[in-house]
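Q: Required output: the full structure, derived from the provided sequences and hints.
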Amino acid sequence: MRQGKGRIVLLGILWMGFGAATLLHAQNLSHAGDWCLPDDRLGIRTAPLLLLSRPDVQVDLRLERAQILGTQNTINELTRRALTLRGKTGAAVVAERRAIDEAQLEWLSNNLTGNQLERLRQIELQWEGVPAMLSRPMVARYLKLTPEQQQALARIIAERNRLRAQGRSAPQTEQTFHRKALSVLSNSQQQLWVNLLGTPFRFAATTVPPGKRDVSAQRAGYTQEQR
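Going letter by letter, the sequence shown gives residues 1 to 227 in the numbering used here.
Just to be clear, a hint being listed does not mean it is correct.
[Claimed, not checked] Straight-line alpha carbon distances no greater than 25 Å define the calculated DMTMM-like cross-link-like pairs of lysine to aspartate or glutamate that follow:
#	residue 1	residue 2
1	LYS144	GLU118
2	LYS144	GLU159
3	LYS180	GLU77
4	LYS180	GLU102
5	LYS144	GLU124
6	LYS180	GLU124
7	LYS180	ASP40
8	LYS180	GLU159
9	LYS88	GLU77
10	LYS144	GLU102
11	LYS88	GLU64
12	LYS88	GLU102
Rather than coming from a laboratory, the hints here were simulated on the basis of the structure. The structure displayed is predicted, hence computed values, not measured ones.
A: And the structure:
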């Protein structure tokens, strides 16, 4: 399934265009084999590899058993590497974070088909949702957002994040947030956004076994550093 270096570069542009993004800091790997990206991370940008841990994504992409096992093994390996960087700073740490990101992208490029990679990109955008319009410069450029639109979206996203941090987010709140954000876009921009997302994906609720939620939340974390 090797896609070549050109495919890796393309994925890097799509998934890491705003900076080096790394898998974060799980404290306990004893249950890593059946770890799954938790539902409460929906709406928060995360590493695309982690999405492959979800059964609903595996089904949509029609992953084979070997791909699923490879996903978990790679998550475990890269998380262990990320753990060694905890609390450290400096050029060597930045270089290792980028190396971890590149290892993730290389694994995806080597182990997924072209169609699976494209669908994963769409699902990743749907997982993050509206915030992707601002967190990813390439998306903002593709939508041709004006400075005024970016400011309006930033205010809407900030309000949504505030409610979420207060535990006041609910399905109805998220729907209102989505409508407000889309109202900022012109009809043509809305169509471009729909084109980016592809076929709508319905994320199925997953169950995180007792005692594993904190580990899941930490594993799913996503750090960002400007290049």
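Q: Each hint: holds or not?
A: Taking the hints in turn, this is what the structure says about them:
Using a Cα cut-off of 25 Å, the hinted pair LYS144 and GLU118 holds, with the two alpha carbons roughly 22 Å apart. Restraint check: the Cα-Cα separation between LYS144 and GLU159 comes to about 23 Å, which is no more than 25 Å; the hinted pair holds. Straight-line distance between C-alpha atoms of LYS180 and GLU77 comes to about 40 Å, which puts the hinted pair past the 25 Å bound. In summary, the hint linking LYS180 to GLU102 is not supported, as the alpha carbons are separated by about 36 Å, beyond the 25 Å threshold.
The hinted pair formed by LYS144 and GLU124 meets the criterion: a straight-line CA distance of about 21 Å does not exceed 25 Å. Proposed proximity of LYS180 and GLU124 is supported: the alpha carbons are some 21 Å apart, at most 25 Å. For the proposed pair LYS180 and ASP40, the alpha carbon gap of about 22 Å is at most 25 Å, so the pair holds. Of the pairs offered as hints, the one joining LYS180 and GLU159 holds, with about 11 Å between alpha carbons and a cut-off of 25 Å not exceeded.
At roughly 19 Å between alpha-carbon atoms, LYS88 and GLU77 fall within 25 Å of each other, so this suggested pair holds. Distance hint between LYS144 and GLU102 is unfulfilled; the C-alpha atoms sit about 28 Å from each other, more than 25 Å. For the hint pairing LYS88 with GLU64, the CA-to-CA distance comes to about 37 Å; that exceeds 25 Å, so the pair is violated. This hinted pair checks out: LYS88 and GLU102 have alpha carbons roughly 20 Å apart, not beyond 25 Å.
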